[in-house]
Each structure stands twice: as C-alpha cells, then as structure tokens.
Amino acid sequence: MQVNYRYLTAAGFFIYATVFMLWSLMTTYDFVYGIQAQLASYAVTALMTFFATRFVDATNANAWVYGAIWALIYIALDVVLVVPVAGIESLGTSFNLISYGVILLIPIIVAAIAGMLVQRGAAGTQQNTI
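Going by our numbering, the sequence shown opens with residue 1, and the numbers climb by one from there.
Treat the hints as calculated values from the structure; they're not laboratory data.
Just so it is clear, the structure is predicted and the values come from calculations on it, not from any experiment.
Check before you lean on any hint, since a few could be wrong.
Beta-carbon label-pair distances, calculated as ranges [to be verified]:
#, residue 1, residue 2, range
1, G121, V80, 16 to 26 Å
2, S24, L97, 13 to 23 Å
3, W23, Q119, 30 to 40 Å
4, Y42, V79, 12 to 22 Å
5, S90, D57, 31 to 41 Å
Glycine residues also receive a C-beta, built at the ideal position from the N, C-alpha and C atoms.
Turn these sequences into a full structure, and let the hints guide you.
Now the structure itself:
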C-alpha cells in the first residue's frame with residue numbers, strides 16, 4: 001500500500017479550499033440558509049473529493065487512508081478557520097458531520113468502482129484473445 005503524501009496533503013487542501021470558496025460565494029449572495037445551500041455544498045464536496053481521488057489514483061488498498069487523512073485535514077482547517085468565528089459547537093452539527101462522512105467515504109467508493117471496472121476490462125480483454 002503506497003501513499004503519495006505530497007499529493008495527499010495538496011488534494012486535502014484543494015478540497016477544503018474549493019468548499020470554503022463556495023461558502024464565501026454563497027455568503028456574498030445570501031444563499032447560506034436552507035436545504036439548497038447544504039445540498040450544493042455536499043455536491044461540491046463529493047465532486048472535489050471524486051476529482052482528488054482520481055488525481056491521486058487511489059486504489060482499494062489505500063483509499064481509506066486518503067479519505068481518513070482528508071477528513072482530518074478538513075476538520076483541522078475547520079478548527080483553525082471556522083471555530084474562532086462560529087464556536088466549537090459548529091464542528092458537531094449534522095451538516096459538518098455529513099460533510100466529513102462524504103470526504104471519508106467517496107475515495108473508498110470511487111476506488112472500489114474503479115477497481116471493478118479495471119477487473120471487468122481485464123476479463124473482457126482475456127475473453128477476446130481466446
């Protein structure tokens with residue numbers, strides 16, 4: 001199980017920065033309340049985590065490491081940037097817990113699907129050569 005820690009850290013900051021910019025944009029246009037804002041945040045979080053997972057080329061063996069470290073980076077940056085403004089209680093909200101869960105699970109799901117597709121492609125190639 002090989003993990004590229006430079007990519008791991010850079011992608012973790014990329015995920016957080018993208019979602020942080022989204023919330024800054026939504027705050028500017030007063031779009032921070034309601035289910036639409038939360039769903040937009042979840043979608044962007046999942047999309048950026050998907051791109052990061054493909055960027056680091058996570059496999060079934062190391063996807064959980066990427067997800068766990070990215071979730072920890074996200075939590076640490078929330079502590080540094082959000083807690084001084086919103087308080088420590090903000091970390092325990094259902095919205096944040098779901099976001100952390102999305103970041104934790106998306107790499108595992110993406111790597112599993114990619115692994116299945118590679119296996120299917122390899123099996124199809126073997127059948128065509130026989």
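Self-check item: Assessment of proposed distance window 16 to 26 Å (beta carbons of G121, V80)
Solution: violated, 43 Å
Practice problem: For S90 and D57, compare the CB-CB distance with the range 31 to 41 Å and indicate the outcome. | Solution: 33 Å Cβ-Cβ, so the 31 to 41 Å window holds.
Quiz item: Has the hinted range 30 to 40 Å been met by the Cβ atoms of W23 and Q119?
Solution: Hint holds: Cβ distance 39 Å, inside 30 to 40 Å.
Quiz item: Is the gap between the beta carbons of S24 and L97 within 13 to 23 Å?
Solution: Once the Cβ atoms are compared, 22 Å apart, the range 13 to 23 Å for L97 and S24 holds.
Quiz item: Is the distance from the Cβ of Y42 to the Cβ of V79 consistent with 12 to 22 Å?
Solution: The hinted range 12 to 22 Å holds for Y42 and V79, with Cβ atoms some 21 Å apart.
The structure shown violates just one earlier hint, number 1.
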